[in-house]
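Here's the letter readout for the chains.
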Amino acid sequence: MVETSWPKAEARRLLGTRVSRLDGPAKVTGTAKYTYDVARPGMLHARLVHCPHAHARITKLDVSAAQASPGVKAVRVIQGVGAEIQWAHDEIVLVAAATGEEAEDAARAVVVEYEVLAHHVDDLHLDQAPETRAEEEELAGEPEKAMAEAAVRSKGTYGLPVIAHNCLEPHGQVCEWNAAKDTLTAHCSTQAVAALAPQFAERVGLPAGNVHVICQYMGGGFGSKFSADRWGIECAEISRQAGGVPVKLMLDRRAELTIAGDRPSAYAEIEVGAQADGTLTAWISKSWGSGGLGGSGRPPLPYVFQIPHRRSVHHSIPTHTASSRAWRAPNHPQGCYLSMSALDDLAARLGMDPLAFVRKNEALLGPLAKTYLEELEIADRLMGWSARWKPRGGGKGPVVRGLGLSLHMWGGSGHRSSCEVTLQPDGSVEAKIATQDIGTGTRTVLAIVIAETLGLPLEEVRVQIGDSRYPASGGSGGSTTVGGVSAAARRAAVNALRMVFDKAAPALGTTPDLLEAVDGSIRVQGEPGRALTWRQAAALFGRAPVTATGGNPAPSGSGELELTGSGAGGVQMAEVDVDRETGVVKIRKMVAVQDCGLVVDLKTAESQVYGALIMGISSALAEEKVLDPVTGTLLNADFESYKMAGIGDIGELVVHLMTGPGYDERGVIGLGEPPVISPAAAIGNAVANALGVRVPLLPFTPQRVLDALESPGRGIV
Amino acid sequence: MTSRGDDPPRGLSRRAFLRGGAAAGVLSTGLLRGVPPVEAAPAAAPKSEAGVPILGPGPVAIKLRVNGQEVALRLEPRVTLLDALRTRLELTGAKKVCDRGTCGACTVLLDGKAVYACSVLALEAQGGDVRTVESLGSVERMHPLQAAFVDHDAQQCGFCTPGFVMAAKALLDRNPSPSLAEIHHGLAGNFCRCGTYAGIRRAVLQLAEAGAANPDYAPGLPGAPEPGEIENPRPRRQKNKKRKKPRGTGDG
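If you read the sequences in order, they're chains A and B. Per the numbering used here, residue 1 is the first one in the first sequence, and the count goes up by one each step. Per the numbering used here, residue 1001 is the first one in the second sequence, and the count goes up by one each step.
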């Protein structure tokens, strides 16, 4: 009998092993074709004209020179005279020409005049915001009373600025309108290949089935690529306008940094109180931040620790910047950094080792408490924390060293997904699913699950993704993909195998429940001699292919256990060196211990954690969108001034995934979000441990470090 | 700005070209490393005040040697080597990311040296030997450096990967046995957003002579290292005496 549940540890051949990503060779050889690389016959190149003002009204628009410009095939006015522009670099006009250079010339020839209006881009000073949206207050117990009774209290302000997704492949698409058939083919750099087709269809007025979205390779999304976007719709429309020729429109770097993705800022005044033994009792916080015109999300405060008496209120500040987009683990890095900084300051006030402080408050850690404690023990060993931790600020000399830690959590349950597995008469196996590999290893995960289930070598399974015509699957966000696609693929493959067993059983003179699929054969359990090769078994279906399907979640009423779980906990520790003369922070070592349920591919899973550590280090040390208060425009809209960590900035990285009993049976849980939550918090606490003072505002630039040393406790402004 | 050791490209960079106020396509052939323009300026060709012929702004004929093959193109003088490769020759391994010589995603080799193809004019690459990632190895027959990138999963979305591969190739050609610090320096001109630096340095270390003996490197399937042994810049760090700070200077 083929069980749907994941095979037990001793029966796994591929699950949980280190498998190199299947599309690795295509990527390292440059043969992987991304949206930016798509070339279609007769393809035009499009460029956008952007608004230079943060808030303005268009008073004059003249595209005649652009239309007459050499090579130009079509010009589209996206926002015309009278339109009110709400953020700098908003799209005004789109031009399409034979070459990119000609399109740039034409874009420059567009004349737009504006009435400049008052703008507000300051998200740091709550009291200066012309408008705020106070969210509902969260309240438990009696925080003021508990705070007054607390033996030890700590009060501080902390903050994280807006940062950018800054995908290396910018947002963009190649759109091809077919007027004769009334269809649209869109090659998109997207995290949601299935969901994009109906988005395009609705906006361009086609039946959803007439839109075909393709994304074989995509160069980074991090949460910013779930939408067809206005520039995508306009690209489709300009293809229609130009008579159905394909048009490529990719954002340039300035646009990518300015309008294609922000992580909201978050700042907070936090007071936290504890008993003398370190038991947390009270939390009071006021937080604020902005994610552009749409305001900001609400960071979870307090994070992880369910402090019994707590009050938190959050104010969202609308600013004249493009609305934020989901950035890996939306709101969690903010909640984590603010909370862990405040709690670390309290631990320092208590004179406690932060590790002991966390353990002391085990009862507040919720359902993941056991996971956290096990992970802390491993992290302690990997970092050498207990042997080396010292109270704050005891270092001598210009360069001082410090240790810091942080905890985080995430859901990560699999999204809705469906998969089909087709068995050809020659025995070849092909899986189709409208998911996308955004660099996480989705292709590889699918092949592992199907090959494992069918008892076939990995290379015998062909996985087809990145096409909206395949069975529907969710967008790759919120760490939901691996759970969703692996569960769907498992069920599809199990259903395929059941069909094979039904056919093979009579041929082998047995019943289906006594068969097993091992080493590329279908055989009677315990009797290796009574077997059919996979190909022989496939041939029993005659000369036509057969297809089985499977989905996630489990079919309702089936009584099947879910194959994907939720609720992943992780801990991270950081060791830094800080130069008190120059203010330079250097990462010496990061340790990440992470739970993600059943690991499908250990190699790509670890890569997720390494990558998250590095992205977190980058946000801690360098990243910040700097807006000019006078013009409201982004001052660092290029790679020279939007700083990111390079290969020499990351120190030593140690990754440990929790696997085995207690973890595997929870099913597959996503890993894209959780490990990116803690790095900045752990690094910030390490910096405070090294210096003896808190550097409250990210990123930890030399200037901020020196400012904190000069005036400790000055806060974030 | 570029921080790698092996640029900037010789001659005239696109940036210098633009900075020079030559936006109309004025190009002094005297700066083209001695290579005469293919479309020889006739006697009546316009000349700049300095008396040198003016090319463009319309398309001119140029010849490039790319991956060992001579190719003839007609391009506006302002077209970068990167755009020529990507949009005229369909060599899309080199990526356009920052488009101003900072991120390294467009790295190709010009006469063996790593250059940012976004910051070299196609005209300027005439007479040089241009090698793109496509010349290094194929999916079926990867170069050992590419195989090491795959083994160490030195890629996620993969958009920066060809640039890193070419930068690492230039580094290893110049210094077959780089230390970790030299790898960091040699690859400092490339950015990755997914965070694949850990895999990249393991891959390059493996290719470096000493790195080949890296005890943690185990290509292929199973055999999960013990926790703490997964990431291993340490053996090389320990060689670097400077990193061993005396106790007490920093701890605390």
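Because the hints were derived from the structure by calculation, they are not lab data. Please note that the accuracy of each hint is not assured.
[Unchecked claim] Each computed DSBU-like pair below joins lysine-lysine, with the alpha-carbon atoms no more than 35 Å apart:
| id | chain 1 | residue 1 | chain 2 | residue 2 |
| --- | --- | --- | --- | --- |
| 1 | A | K155 | A | K586 |
| 2 | A | K155 | A | K370 |
| 3 | A | K360 | A | K145 |
| 4 | A | K586 | B | K1113 |
| 5 | A | K370 | A | K360 |
| 6 | A | K60 | A | K360 |
| 7 | B | K1047 | B | K1063 |
| 8 | A | K33 | B | K1063 |
| 9 | A | K8 | A | K145 |
| 10 | B | K1047 | A | K643 |
| 11 | A | K33 | A | K145 |
| 12 | B | K1113 | A | K33 |
Q) Regarding the pair K360 of chain A and K145 of chain A, is the alpha-carbon distance no greater than 35 Å? A) holds (22 Å)
Q | Given hint K1063 of chain B paired with K1047 of chain B - CA-CA distance at most 35 Å | A | holds (22 Å)
Q | Hint consistency between K8 of chain A and K145 of chain A [alpha-carbon to alpha-carbon, up to 35 Å] | A | Violated, at about 52 Å.
Q | Hinted pair K33 of chain A and K145 of chain A, Cα distance within 35 Å | A | violated (62 Å)
Q.
Between the alpha carbons of K33 of chain A and K1063 of chain B, is the straight-line distance 35 Å or under?
A. Holds, at roughly 26 Å.
Q. Given the hinted pair K1113 of chain B and K33 of chain A, is their alpha-carbon gap at most 35 Å?
A. holds (25 Å)
Q: Would you check the hint for K370 of chain A and K360 of chain A, treating anything up to 35 Å between C-alpha atoms as holding?
A: holds (13 Å)
Q) Is it true that the CA of K1047 of chain B sits at most 35 Å from the CA of K643 of chain A? A) Given that 35 Å is the threshold and the Cα spacing comes to 42 Å, the pair is violated.
Q) Does the alpha-carbon distance linking K60 of chain A and K360 of chain A stay inside the 35 Å limit? A) Violated, at roughly 66 Å.
Q) If you draw a straight line from the CA of K586 of chain A to the CA of K1113 of chain B, is it 35 Å or shorter? A) Holds, at about 30 Å.
(Q) Tell me if the straight-line CA distance from K155 of chain A to K586 of chain A falls inside 35 Å. (A) Judged against 35 Å, a Cα distance of about 27 Å means the pair holds.
Q) Given the hint that K155 of chain A pairs with K370 of chain A, does the C-alpha gap stay at or below 35 Å? A) With a Cα-Cα distance of about 29 Å, the restraint between K155 of chain A and K370 of chain A holds, given a limit of 35 Å.
Checked against the numbered hints given earlier, the structure breaks hints 6, 9, 10, 11 and satisfies all the rest.
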